[in-house]
Every structure is written in structure tokens, then in C-alpha cells.
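Q: Here is what each chain is made of, one letter per residue.
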Amino acid sequence: MARFTDLLVFELKRRLRDPVSLVTWLAIPFFMVAVMVLVFGPGGTNGLPQMKVLLVDHDDGLLSRALSSALDSPQLAEYFDVRKVDEKTAKHEMDRGRASLLVVIPEGFTKGFFDNAPLTIQVFRNPQESILPQIGEEVVTFLADSGGLLRAVLQPLTAGVIDLGADQRPTLAQITDLSSRIYKLFDDPAARNLTAFDHLKVEERHPGEKKVSRSDVVGWFAPGIVALALLFLTNGQSQEVQEDLISGRLARAWTSATPPAVPVAAKYVALVLAASVNTMFLVAALAGVLGWRPGNPALVAAQIVATAAAFSGLALLLRSLTRNPEAGGAAASGVMVGLGFLGGCFVPTIFLPSFVQTAADLIPTGWAVKGFLILEGATWAGAGGGFGWRIAALLATAVASFLIAVRLMRRKAVAV
Amino acid sequence: MKRLLEVSNLVKTYGERRAVDGLSFDVGEGEIYGLLGPNGAGKTTAIKVVTGLLPPTSGSVKVAGFDPFAEPLKAKAQLGWVGQETSLYEDLTADENLRLACALTRVPRSEVRSRVAELLEAIGLADRARERVSSFSGGMKRRLHLAVALVHRPKLLLLDEPLVGVDPQARAHLTEVIERLAREGHAVLLTTHDMDDAQRLCGRVGIIDHGKLLAEGTVDGLQASLGERDLLRLDGDFDESSPPALPPELGAEILSAHPGELLVSVDSGSEALPRVLAAAEAGGRSVTRVTLERPTLETLFLKLTGRELRD
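Taken in sequence, the protein lines are chains V and A. Under my numbering, the first sequence has 170 at position 100, and the numbering climbs by one with no breaks. Under my numbering, the second sequence has 165 at position 135, and the numbering climbs by one with no breaks.
Be aware that one or more of the hints could be misleading.
Distance condition first, Cα-Cα at most 16 angstroms in a straight line; then the derived EDC-like pairs of lysine to aspartate or glutamate [what the hints assert, rightly or not]:
#1 V:83 to A:224
#2 V:181 to V:127
#3 A:185 to A:97
#4 A:242 to A:121
#5 V:83 to A:161
#6 A:333 to A:279
#7 V:181 to V:130
#8 V:83 to A:51
#9 V:83 to A:258
#10 A:242 to A:120
#11 V:83 to A:125
#12 A:333 to A:214
It should be emphasised that the hints constitute simulated quantities derived from the structure, not laboratory data.
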């Protein structure tokens, strides 16, 4: 073990001697963050996944049912999965982060609406999610504002300005007056503001400690970016190991009285450590600069190391299969893009066809991205379970690919 | 003399091709043994089997009594290998390269500092110890490469073409180091296709081609086997298919006939030369230059294989 640590120190020293390449590798994912924020930032809501909305209807009147029906309408059903529940269930579900939004309609809502009484609809957002609750809140606000406008229009009718008795027709002057009011409502901002429904109360209800994402986009794309950064870092730095193989440095190590796996293991661990530390800086930057909340720091660190271990193993495997660093780099790029896309590094798999989502559950990049999503608490990423087996799968990939890579490298060394 | 390397009937095949074909030799303590042969003769393959990098198809290898495949760590602890290409870490310093080699070869920590200093002094790089290898000349790298193989004081040193591409100064330095190692009791196996290197350094030589050992012995003994004959090298319009017919009473032997060159072995060059020239002229060949040479190991190789070492 003592010799292994000596070798590891030398490998780390070699990497520290070349900080420029480390910084370069680190800059690539940052660049990608910037590009993705630009591309998917404002207006990037096409193809949103269905949002889970809980509705507590204390009123159960005409208007509360109308609001519920509006959210459940064929036009909105594609985006909203509305479930009517009692208040206790609603709180229980929200406390566990199982819904994006909770809408509470108070008792007497319909009557109060027609009586022109002040009304309050409560909306609770899940702060662990960023985009979906925001969109849900906007939709509910829109519906409430529409209701406010409707009430303003209907007010003259309900207040007896126009008496719609069975045998009485409105006069031309009354119809003109009504048309004029409607015109003003839709055309005059001042008039609209006066009549808008302004009693929508938005609150937050969240599981455990209060967390608020500062950036909508980062929460969606950060897991993929982090996994992609690890792909870049491990593949890029694995080139040094291939150069050690081709130059005969590894062959020389294998003629010494040290078990053959030990020198490669030292290089491998150095690779994992360098990639992990780089990525932790990236995570810190995403959290500090862009407001990403990746979750429990210890678990995030474990996820990073497990991912780095798996990706480093795969990178070594690719290097051991190819003839020279150029061929290794080309193969790595192809595999990296393919695995990255299928695993959701570039675009979250939820936006992709179902077969891609299935594939993501079978490949290391998918395990990595999903693991980070689970840690950040994204409800659309699936249930919280599954983090453990994904870590185990990543570590198994690491061990298997490392052992195969060592075997292939030893074969290749004799040809050098 | 204790035998530190024993190679017995070694065979290594790649598919149908026999890279090493029944090779047997041994190297004793304090001896420098040269495997002499052209590129592709099987020298490097044989060395890789000895190092344990390449498993043999059949035959056996013993390094200081240990089989490199049955007891790899024990066998490898006894050998130091210097490959054809310098395999140093260019981003580390000379000192760090040696320390790294110490870690790989399990040199006790308490001895690392003294051994590194001693080796740097021996190869004349003590004043450059803290400089990165990337700034070194080719000769300096070769010297450091040799030192790296010596950190654990191996009994057997395997040098694969150690003097190729080295400038005269570095060559002299390396030659001196190798000779000193032999004097200190190391067994040295070196491969070369340079006859001069073999003659200068090796006590015994094995001539190898197509994986087979064609001749073996001391340099003097092998040269003596050629007799005291002279060599006539004739430049002119010769070709392989129709060498000139030489008078049988000359006792001349045509060793090789290549386009533009004829090599003839004769008892006395000065006496045979006029008649050889006359025979060439009679055969319609014009001669532009004649060189009289003494026989060397290269001559022996030529006689054994029909081709030159650098072919």
C-alpha cells in the first residue's frame, strides 16, 4: 500500500505540473453552461413534462369546479395532472415533494365571487423545483385574472344595472354601455388594473428545510452538465495513460517487482481524483454563481467520485482498445457524444422519446445524471429511490472496465 | 561463474510465424553477452520473454534461478530492462524519475536518497537532477534511462539496442558504464545490430537470424572460425543472378553478390586481386573500386546468412 501511495503521489504531481490543460478541461463545461442558459433560458418551455397539481376545493361550487375543469381541460391536460385531494392529503404529498403545485380554493368562493367579496386563492409552490411551479402559478394567475375580468363584466348585470327579466329586453343604450365597459376592460390598462382579480395569494410549501433555486435553467441542466464535465475530464486525461502505454513507460513498470495492476491503479486513482476535484469546483461554481442546489454535499461528492470512477474506467478501456492517442481520442469523442446524449447530458431525457429514457436507465451516463437529479430532488426525475443502485452500478462499471483495461493494456504493451 | 540467465530451447510464435525458434543461451555473472542480428531477427522478442512481458510458446527461461512466469515478482526483482526507446517521464525531473523507479522496484525508503544520488553521479547528471527530463538531450536521456533500470541493483541487466541513436560522447559514457557494471558482477545481455558495439563490449556473442541462433562464442573465437582470409569488396556492374566465374585454383569464395557490389573471400588479397579483376573483366564486368578488408563478425554473419547485418 505504501508503494501504491508513492506512485499515486507521482501521478498527481504530473497532473499538477500541467495546470493549463486542467483549466482548459474545466472551461469546457462552463462554456456549455453558458450556451445552454442562452439557448434554453427564457422561453425554453416547449415540451414540458406533465406537472403534478394538487387541488383542495373547500368551495365545491360552480366557479371552483370551473377552475378545476379549466386545468383539467383537454388543452391543459397535456401539461397538468390535476388531482383533487383533501387538505390533509395535500399537505402530506407536498411535504414529500410529490407535486409541483398545490391550489387551495376557499369555502364560499363561488358565492363571494358573485357578491363581489374579496377572495383569496392559495397557491403553494414546491421550491425544490424551478420551472414547473412557476409555470403553474402563471396559469392559475391567468385563470384568476380572467375570473376577475369576467366578474367586472358581469357586475353590472348581477348588480341590476341591466335587469334581465323574462319579459324585458335591454335597451340599445344599455347594450352600448356594456360594450363600452368591455372595450375599456380589454383596451385600457388602467381600467383593467382597477378590475383585475388581485387577491391571489402565493405561498411556498416545501419538504424539510427551505430551499429556493436562484436559476430555473440550472436546476434542469446542471446534472447533465456535471456528468458531461466528468466525461470530458476523464476521457481527456486518460490520454496520458495511453501515452504511458505506447511510450513503454507502463511496460517498464511491468518488468519491475510490482504487481501489474498497481502502476495502472495509481494512474487510474489519480485520474479519478483529478476529475472529481475539478468537478467539485464546477458544482460549487454552478451553486454559487448560478444558484443550483445539488442536494446533500456528502452524497453529491459520493456521486461525483462514483461517476468519475466509472467514466475513468470506461475511458481506460477505450484507450486500451485503440492503437494510438489520436485514435483513442476519436473513439472517445464518438462514444462520449453517444453516451452523453442517451444519458441525458445534453438534453434532459424527459424531453426525449421513451426509448431514450429506457436506454438512460441502462447506461452509466444515465445512472450518473439520474443520480444527480435524484439528489437535487427533481420530482420529474422519478422517485427518490434508485440512488443506491445507481451508485452501485457505477462502481461495478468502474471495477469491471478497469480490470478489462489492464488486461488489454498488458497485451498491447508487448507490441510496443 | 554463476549463470544468471538461462534460456533453453525458447520458441515464440505469432500465428504461423516463428519469431524465436529454439533459442538457447546463457549469461553468467560479470559477463556481457551480445545477441547480434539484423532488425527483425527475434532479439527484442527474446528479451521481452526474459522480462516476463511476453509469454513463451515453449521452452524455458530462468532469471537468477527464477522462472519469470511462475515466480514473476522474484524473477523481476533480479532484472533491469532498458528498452529501445527511452521510456522516461518527461514532465518529471531526473531525480523524480529515479525516485519513481525506486517506488516501483521496492527500494527501501531509507536507501532511496543515497541510491538516487549515487546513480546521478555515476551517469554524470548530478548537476541536472532537479531539471525536467524534457529539457535533456538525447544522450542524457539514454544515460538516465539506463540509471532507472539500475536503482534496485539488479543482477541481470537487459539492454535492448542501448547505443542506437546516441552521439559519440554519450556512446563512450554509456559503454564505460556498461563495462563497469560487468566488472561489478552484473550479468549483461545486450542486443545490437552493430558489429562494432558487439566487438567492443561483448565477451561472448550469439548470432541470431529468423529467431535461430546461428553461431555462438567469444568474439575472437568466432573471428578465428573465419580463418586468416582476406575480403575483397569490388564495386562495379555486378548483379545477383550472374556473378563472375573465378578460377578454382584461387580458392576464392563469393560471400555475396548484390547489384553494384561483389564480396569475395580469398587467402591473400594482394595475390588474388589481379586474377579476380581479370576474371571480372573476362566476364564483361567493369570494376570501379576495390577494397581489401580483414574479416569481422559481420563477415561471419554474411557467410552464415547471405545478407548483411543492416539489411
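Q: Hints first: check each against the structure and report whether it holds.
A: Verification of the supplied hints:
no.	hint	in the structure
1	V:83 to A:224	39 angstroms, violated
2	V:181 to V:127	14 angstroms, holds
3	A:185 to A:97	15 angstroms, holds
4	A:242 to A:121	41 angstroms, violated
5	V:83 to A:161	15 angstroms, holds
6	A:333 to A:279	21 angstroms, violated
7	V:181 to V:130	11 angstroms, holds
8	V:83 to A:51	44 angstroms, violated
9	V:83 to A:258	61 angstroms, violated
10	A:242 to A:120	37 angstroms, violated
11	V:83 to A:125	14 angstroms, holds
12	A:333 to A:214	36 angstroms, violated
In this structure, the hints that do not hold are numbers 1, 4, 6, 8, 9, 10, 12, in rising order.
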